[in-house]
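**Q** Sequence:
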Amino acid sequence: RKKSIWVMVLSGLKSDHFKPDNTITQIDFFRYLFVPEMRYYDDEGLYDMLENRGIVKGEEKAPESKLTRQDAAKFLIRYLGLGLAGERPEIYVSKFGDKVEDQYRGYASLCYGLGIMRGDEKGRFNGTKTMTNAEAASVIYNTMKVK
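Numbers in my numbering are just positions in the sequence shown, counted from 1, shifted up by 83.
Incorrect hints may have been included.
[Stated by the list, open to error] Keeping only pairs whose Cα atoms sit at most 20 Å apart, straight-line, the calculated EDC-like set for lysine to aspartate or glutamate is:
| id | residue 1 | residue 2 |
| --- | --- | --- |
| 1 | K102 | E147 |
| 2 | K182 | E204 |
| 3 | K178 | E204 |
| 4 | K149 | D104 |
| 5 | K140 | D104 |
| 6 | K212 | D185 |
| 7 | K228 | E134 |
| 8 | K144 | D111 |
| 9 | K205 | E218 |
| 10 | K144 | E127 |
| 11 | K228 | E218 |
| 12 | K140 | E184 |
| 13 | K182 | D203 |
| 14 | K228 | E120 |
| 15 | K230 | E120 |
| 16 | K102 | D125 |
| 17 | K140 | D181 |
| 18 | K212 | E127 |
| 19 | K212 | D181 |
| 20 | K182 | E170 |
| 21 | K212 | D111 |
| 22 | K140 | D125 |
| 23 | K212 | E143 |
| 24 | K212 | D126 |
| 25 | K205 | E170 |
| 26 | K144 | D126 |
| 27 | K144 | E173 |
| 28 | K149 | E184 |
| 29 | K140 | E127 |
| 30 | K149 | E173 |
| 31 | K102 | E184 |
| 32 | K144 | D181 |
| 33 | K212 | E184 |
| 34 | K144 | E134 |
Hints in this document: simulated from the structure, not taken from any laboratory.
Make a model of the complete structure from these sequences and hints.
**A** Below is the structure:
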């Protein structure tokens with residue numbers, strides 16, 4: 084199963100190289116997350132589907148923007164159908180060693196509890212840090228293990 088997830092992610096690449104240290108854009112993150120369905124959608128159709136499923140809200144659509152860890156957490160929790168729980172930061176105590184912004188605390192805490200994102204070597208969430216392709220592949224893989 085582990086190998087099949089990586090094959091799916093890598094098959095979604097538009098180039099011949101993975102480039103693990105490059106930062107990932109929002110659209111590429113969603114292309115990787117929805118590799119099996121991408122044959123049915125162009126980019127605009129992908130965003131329509133994401134909005135219909137409640138994963139992205141209209142004002143959050145930013146295809147070419149670099150994806151931050153906090154936005155990845157939010158999108159992954161919504162992908163899992165736990166968006167309502169993620170929107171309630173007051174019910175969570177963050178396990179991360181740094182401050183997680185209130186609006187992301189629920190999403191980050193759920194990602195931590197589900198084993199999707201654990202933080203850096205010092206236990207920090209680093210919410211505003213942009214994700215690399217390798218980090219994105221890792222959190223998508225971890226999400227697939229939950230789903």
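**Q** Does each hint fit the structure? Answer for all of them.
**A** Quick rundown of the hints versus the structure:
1. K102 to E147: holds (17 Å)
2. K182 to E204: Judged against 20 Å, a Cα distance of about 16 Å means the pair holds.
3. K178 to E204: holds (13 Å)
4. K149 to D104: holds (13 Å)
5. K140 to D104: The given pair, whose Cα atoms are some 28 Å apart, is violated under the 20 Å limit.
6. K212 to D185: holds (16 Å)
7. K228 to E134: Status violated; Cα separation ~24 Å.
8. K144 to D111: Satisfied, since the Cα-Cα distance of roughly 13 Å is no more than 20 Å.
9. K205 to E218: holds (16 Å)
10. K144 to E127: This hinted pair holds, its Cα atoms lying about 10 Å apart.
11. K228 to E218: holds (15 Å)
12. K140 to E184: OK: K140 and E184 at ~19 Å, within 20 Å.
13. K182 to D203: holds (14 Å)
14. K228 to E120: Holds, at roughly 18 Å.
15. K230 to E120: Holds. K230 to E120 sits at ~16 Å (cutoff 20 Å).
16. K102 to D125: Violated: K102 and D125 sit about 23 Å apart, past 20 Å.
17. K140 to D181: violated (27 Å)
18. K212 to E127: violated (26 Å)
19. K212 to D181: The hint holds at about 12 Å.
20. K182 to E170: With Cα atoms ~17 Å apart, K182 and E170 stay inside 20 Å; holds.
21. K212 to D111: OK: K212 and D111 at ~17 Å, within 20 Å.
22. K140 to D125: With a Cα-Cα distance of about 18 Å, the restraint between K140 and D125 holds, given a limit of 20 Å.
23. K212 to E143: holds (17 Å)
24. K212 to D126: Cα-Cα ~25 Å, so violated.
25. K205 to E170: violated (26 Å)
26. K144 to D126: Holds: K144 and D126 sit about 11 Å apart, inside 20 Å.
27. K144 to E173: violated (26 Å)
28. K149 to E184: Roughly 18 Å between the alpha carbons, so the hint for K149 and E184 holds.
29. K140 to E127: holds (14 Å)
30. K149 to E173: violated (28 Å)
31. K102 to E184: The given pair, whose Cα atoms are some 30 Å apart, is violated under the 20 Å limit.
32. K144 to D181: violated (27 Å)
33. K212 to E184: holds (13 Å)
34. K144 to E134: Distance of about 9 Å is within 20 Å: holds.
Going through the hint list in order, the structure does not satisfy hints 5, 7, 16, 17, 18, 24, 25, 27, 30, 31 and 32.
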